[in-house]
Amino acid sequence: MAKIIVVTSGKGGVGKTTTSAAIGTGLALAGNKTVIIDFDVGLRNLDLIMGCERRVVYDFVNVINNEANLNQTLIKDKRVKNLFIMPASQTRDKDALTMEGVEKVLEELSETFDFIICDSPAGIEKGAHMALYFADEAIVVTNPEVSSVRDSDRILGILQSKSKRAEQGGEPVKEHLLLTRYNPVRVEEGEMLSVTDVEEILAIPLLGVIPESEAVLKASNQGEPVIHNQDTDAGKAYSDAVKRLLGEEIAFRFLDAPKKGILKRLIGA
Amino acid sequence: MNDDCFLLKGSVITTFILEFSDYNAQDFEQQLKDKVQSSPDFFSDTPVIINLEKLDLDVINVDYLKLISICRQHGLQTVAFKQTPQLNQAELKESGLALLSQKACGKSATTNTTNENNITPAKKTRLITKPVRSGQQVYAEGCDLIITGSVSGGAEVLADGNIHIYGTLRGRALAGVNGDTDARIFCSNNEAELVSIGGHFLLSDSLETQVWKLPAQFYLQDETLHVSPL
Numbered sequence: 001m002a003k004i005i006v007v008t009s010g011k012g013g014v015g016k017t018t019t020s021a022a023i024g025t026g027l028a029l030a031g032n033k034t035v036i037i038d039f040d041v042g043l044r045n046l047d048l049i050m051g052c053e054r055r056v057v058y059d060f061v062n063v064i065n066n067e068a069n070l071n072q073t074l075i076k077d078k079r080v081k082n083l084f085i086m087p088a089s090q091t092r093d094k095d096a097l098t099m100e101g102v103e104k105v106l107e108e109l110s111e112t113f114d115f116i117i118c119d120s121p122a123g124i125e126k127g128a129h130m131a132l133y134f135a136d137e138a139i140v141v142t143n144p145e146v147s148s149v150r151d152s153d154r155i156l157g158i159l160q161s162k163s164k165r166a167e168q169g170g171e172p173v174k175e176h177l178l179l180t181r182y183n184p185v186r187v188e189e190g191e192m193l194s195v196t197d198v199e200e201i202l203a204i205p206l207l208g209v210i211p212e213s214e215a216v217l218k219a220s221n222q223g224e225p226v227i228h229n230q231d232t233d234a235g236k237a238y239s240d241a242v243k244r245l246l247g248e249e250i251a252f253r254f255l256d257a258p259k260k261g262i263l264k265r266l267i268g269a
Numbered sequence: 001m002n003d004d005c006f007l008l009k010g011s012v013i014t015t016f017i018l019e020f021s022d023y024n025a026q027d028f029e030q031q032l033k034d035k036v037q038s039s040p041d042f043f044s045d046t047p048v049i050i051n052l053e054k055l056d057l058d059v060i061n062v063d064y065l066k067l068i069s070i071c072r073q074h075g076l077q078t079v080a081f082k083q084t085p086q087l088n089q090a091e092l093k094e095s096g097l098a099l100l101s102q103k104a105c106g107k108s109a110t111t112n113t114t115n116e117n118n119i120t121p122a123k124k125t126r127l128i129t130k131p132v133r134s135g136q137q138v139y140a141e142g143c144d145l146i147i148t149g150s151v152s153g154g155a156e157v158l159a160d161g162n163i164h165i166y167g168t169l170r171g172r173a174l175a176g177v178n179g180d181t182d183a184r185i186f187c188s189n190n191e192a193e194l195v196s197i198g199g200h201f202l203l204s205d206s207l208e209t210q211v212w213k214l215p216a217q218f219y220l221q222d223e224t225l226h227v228s229p230l
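Protein chains in written order, with the working numbering: chain U, 1 to 269; chain X, 1 to 230.
In case anyone wonders, no lab produced these hints; they're calculated from the structure. All values reported here derive from a predicted model rather than from experimental measurement. Treat the hints with caution; some may be incorrect.
Said to hold, decoys possible - No farther apart than 27 Å at their CA atoms in a straight line, the calculated lysine-lysine pairs in the DSS-like style are these:
#, chain 1, residue 1, chain 2, residue 2
1, X, 130, U, 162
2, U, 174, X, 130
3, U, 164, X, 130
4, X, 66, X, 33
The following block holds chain U by itself, in its conformation from the complex (with noise of 0.2 Å):
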């Protein structure tokens, strides 16, 4: 049986698909099968991220409704064996999406694959009910600011009150909270929420930090995941929260400013 992990935030441009793309590589790279969906259908993202966006037949809407077969349709990773993608539809919109339909192909992925990571979309609505409805651990994408916290809080309800684990009375769906985009040196000038600040208001035990990085934007743009690049800050601290979500215990790094040398305090840099 696959563990089901949802990538969620209720708020858009948090860093959803990224985290998606980054912990699913992470997880195949640590040599689980896993797959990757998006549940974004109408906005599809996480092909561009993969970096398979030309390869692309069938989608997930094609699958639900018949159209084509779960092995027509998964994208096998370049880089990473073990990693496959389900690109979500670019041509139809949420409403595509069934209950039925998105049980029975996780059920089938369930049969082949350790980890299926489904990348939610933003808002509250279909798409992201969906998307969490089957979790079994949810990681919720979160920056430090407090318009994106406050809608962390409000997915956190809804995964306690709206997901199958919650309406069947089940073992609660598993949280983690992932704060992505924090800048130290912002926190240290009370520009931005601090890690404690976070981890106070939505009391979920926190899964990683990953540091504000041009690494990420450019690496989206190259449709590579950013964990590739263990050269960067960003990189490693995904592959530090991929182990922490296979039950590794790793202590939190680039939580605190650089201290500056005594010549650049002198030259006032």
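Use these hints to put chain X onto chain U, whose structure you have.
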């Protein structure tokens, strides 16, 4: 305005049922006397309903008037008989007491007469052990509300009674929503968006200047909502 000078209202009243397992006037009087001496306050004009259903009234002769007078002598106010098939209707009428149907009496709990705590059972408080998230609403109908976690911004907690929040209150808390002006709100960290008791409310604008980010309680006094440190 209504021209009627009275209103007929339904109500549920907790009383005691005097249930006999055996009866003779002398023994009853002696036992009642002992009971009353053990807790005299308890038996000052306590209303009771007489239940004879466990007695075989064809064999045991009960003088209703005598029974009632013994009760009254010792401070019990007999108000009615519980209906049983064997009751003597003529004597019943003479006694002037009401007759309560089996249904009206409902289930009775066996009460140790020296335990006064059972008179009005408290309504169970609603307990929430998870954080109340943005967009969620919790209402404790007809009772108090206890929240062991925090109430997030954009969340709303309401109760007809008091509200206790052991985490941080960042959202809205409304106590005494059906008009109870004695209700209070307690929280161990006050960062509330809005606090209301019995319809009187305060917004965070005015809250931020008083007991902000500290343990606080809210209560109504002279139709004004007050905040004080806990």
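Status of each hint after checking the structure:
Among the hinted pairs, residue 130/X with residue 162/U is consistent with the structure: their alpha-carbon atoms are about 15 Å apart, no more than 27 Å. Straight-line distance between C-alpha atoms of residue 174/U and residue 130/X comes to about 14 Å, which keeps the hinted pair within the 27 Å bound. This hinted pair checks out: residue 164/U and residue 130/X have alpha carbons roughly 18 Å apart, not beyond 27 Å. Proposed proximity of residue 66/X and residue 33/X is supported: the alpha carbons are some 15 Å apart, at most 27 Å.
Hint violations for this structure: none, all hints satisfied.
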